[in-house]
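Trainee: Once you know that position 60 of the sequence shown is 157 in this note's numbering, the rest is easy, because the numbers rise by one and skip nothing.
Be aware that one or more of the hints could be misleading.
Said to hold, decoys possible - Restraint-style ranges between C-beta atoms, simulated for each label pair:
{"hint": "1", "residue 1": "312", "residue 2": "289", "range": "42 to 48 angstroms"}
{"hint": "2", "residue 1": "118", "residue 2": "199", "range": "41 to 47 angstroms"}
{"hint": "3", "residue 1": "175", "residue 2": "353", "range": "42 to 48 angstroms"}
{"hint": "4", "residue 1": "244", "residue 2": "102", "range": "27 to 33 angstroms"}
{"hint": "5", "residue 1": "236", "residue 2": "332", "range": "39 to 45 angstroms"}
{"hint": "6", "residue 1": "361", "residue 2": "236", "range": "43 to 49 angstroms"}
To be verified - Simulated crosslink set (BS3-like; lysine-lysine; CA at most 27 angstroms straight-line):
{"hint": "7", "residue 1": "268", "residue 2": "107"}
{"hint": "8", "residue 1": "225", "residue 2": "288"}
{"hint": "9", "residue 1": "346", "residue 2": "376"}
{"hint": "10", "residue 1": "203", "residue 2": "101"}
{"hint": "11", "residue 1": "376", "residue 2": "392"}
{"hint": "12", "residue 1": "107", "residue 2": "176"}
{"hint": "13", "residue 1": "213", "residue 2": "234"}
{"hint": "14", "residue 1": "311", "residue 2": "392"}
{"hint": "15", "residue 1": "101", "residue 2": "371"}
{"hint": "16", "residue 1": "226", "residue 2": "101"}
{"hint": "17", "residue 1": "115", "residue 2": "371"}
{"hint": "18", "residue 1": "376", "residue 2": "176"}
{"hint": "19", "residue 1": "328", "residue 2": "342"}
{"hint": "20", "residue 1": "107", "residue 2": "216"}
{"hint": "21", "residue 1": "203", "residue 2": "216"}
These aren't lab readings, by the way, just hints derived from the structure by calculation.
Where a beta carbon is used, it is the ideal one built from N, C-alpha and C, also for glycine.
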Amino acid sequence: KVIKDLGFTKDIYNFGPKTEIEVYIHEQSRDIAVGVDDGGAGDQGMMFGYATNETPEFMPLPITIAHELTQKMDELAIKELPFLRPDGKSQVTVRYENGRPISVEKIVLAKPHDPKINKETVKSDLIKKAVNPILNKYHLPKVDEKDIIFNGTGVWEIGGPASDTGVTGRKIVVDTYGGMGRIGGGCFSGKDPSKVDRSAAYAARFIAKNIVAKGLAEKCEVQLAYAIGTKYPVGKAIETFGTGKKEQKAIEDFAWNLLDLSVKGIVDSLDLLKPIYKKTASYGHFGHSEYPWEKLA
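Based on the sequences and whatever the hints tell you, model everything.
Mentor: Structural data, given as structure tokens:
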């Protein structure tokens, strides 16, 4: 279903809903399970959550625009521009002054398309139907065409796993905050919630977003750290980058009472055992209101 929804529906892509997927599942190592089965973390690690009031989603503007561009390109492939093919990337460079975004400096777009259609024609269509409407939505000035790079190598016909490897785990910066705010390094995809790489990163985002939404800070980064087999964090911290509106202790008292930060507490509070992860295959894990870790307390 995910593969089909991503647009891989033609034989030319050499990948699709009927592609054979070999699944090899075996019992977890008893050395790990002895801690996890009792509600402990499945591994050690540091996890970060970030939020900012730059956008209604409490996400950094660069990654928000980048995700909206990729989503719009996919929509256009289905509805208006059938010569576009599945897969794609975007990267957005935003100029900040005094900590606030003021303009978009560069945009990188990558999208496979039918080679019969001229690259410049595709670029022009994407600027008109995707780039400009999204910039206008955020009241940002248009970007000069020379500052919009489309398919930098010149040709891109086939996307997806048949084109390149490296799908597993993908790029965690894309899944998170686009480089704004730190990341722990452990990917989310392919892991159940006992792995704090995933569940604690969601919890940290939940806390950071609620701090900013409550007006306690303009920006917030929450750090959690776990050790394998431990039920609760072995470290936790909050950074507001000088934007806090209350004393640090008041912010921390609010934050640490939002959620039971034991592994089981996170899983239960955010309902992470529900099969809700299909949509995380594209457009990032944060900033989408349907996910439980995006809810406001």
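Trainee: Decide if the proposed pair is consistent with the structure: residue 203 and residue 101, CA atoms, cutoff 27 angstroms inclusive.
Mentor: violated (32 angstroms)
Trainee: Compare the distance between the alpha carbons of residue 376 and residue 176 with 27 angstroms, and conclude whether the hinted pair is satisfied.
Mentor: holds (20 angstroms)
Trainee: Check the hint pairing residue 107 with residue 176 against an upper bound of 27 angstroms on the C-alpha distance.
Mentor: holds (16 angstroms)
Trainee: Keeping to a limit of 27 angstroms between CA atoms, is the pair of residue 213 and residue 234 held or broken?
Mentor: Violated, at about 32 angstroms.
Trainee: Quickly compare the C-alpha distance for residue 346 and residue 376 to 27 angstroms and report which way the hint goes.
Mentor: With Cα atoms ~37 angstroms apart, residue 346 and residue 376 exceed 27 angstroms; violated.
Trainee: Would the hint linking residue 376 and residue 392 be met if the CA-CA limit is 27 angstroms?
Mentor: Within the cut-off at roughly 16 angstroms; holds.
Trainee: Straight-line Cα separation of residue 203 and residue 216 no greater than 27 angstroms?
Mentor: holds (19 angstroms)
Trainee: Should the hint that residue 361 and residue 236 are 43 to 49 angstroms apart at their CB atoms be regarded as holding?
Mentor: holds (44 angstroms)
Trainee: Please work out if residue 115 and residue 371 have their alpha carbons no farther apart than 27 angstroms.
Mentor: At roughly 25 angstroms apart (the allowed maximum being 27 angstroms), residue 371 and residue 115 satisfy the hint.
Trainee: Given the hint that residue 328 pairs with residue 342, test it: the Cα-Cα distance must not exceed 27 angstroms.
Mentor: violated (32 angstroms)
Trainee: Does the beta carbon distance between residue 175 and residue 353 stay inside 42 to 48 angstroms, or does it fall outside?
Mentor: holds (44 angstroms)
Trainee: Check the hint pairing residue 268 with residue 107 against an upper bound of 27 angstroms on the C-alpha distance.
Mentor: holds (26 angstroms)
The structure is inconsistent with the numbered hints 1, 8, 9, 10, 13, 19, although it conforms to all the rest.
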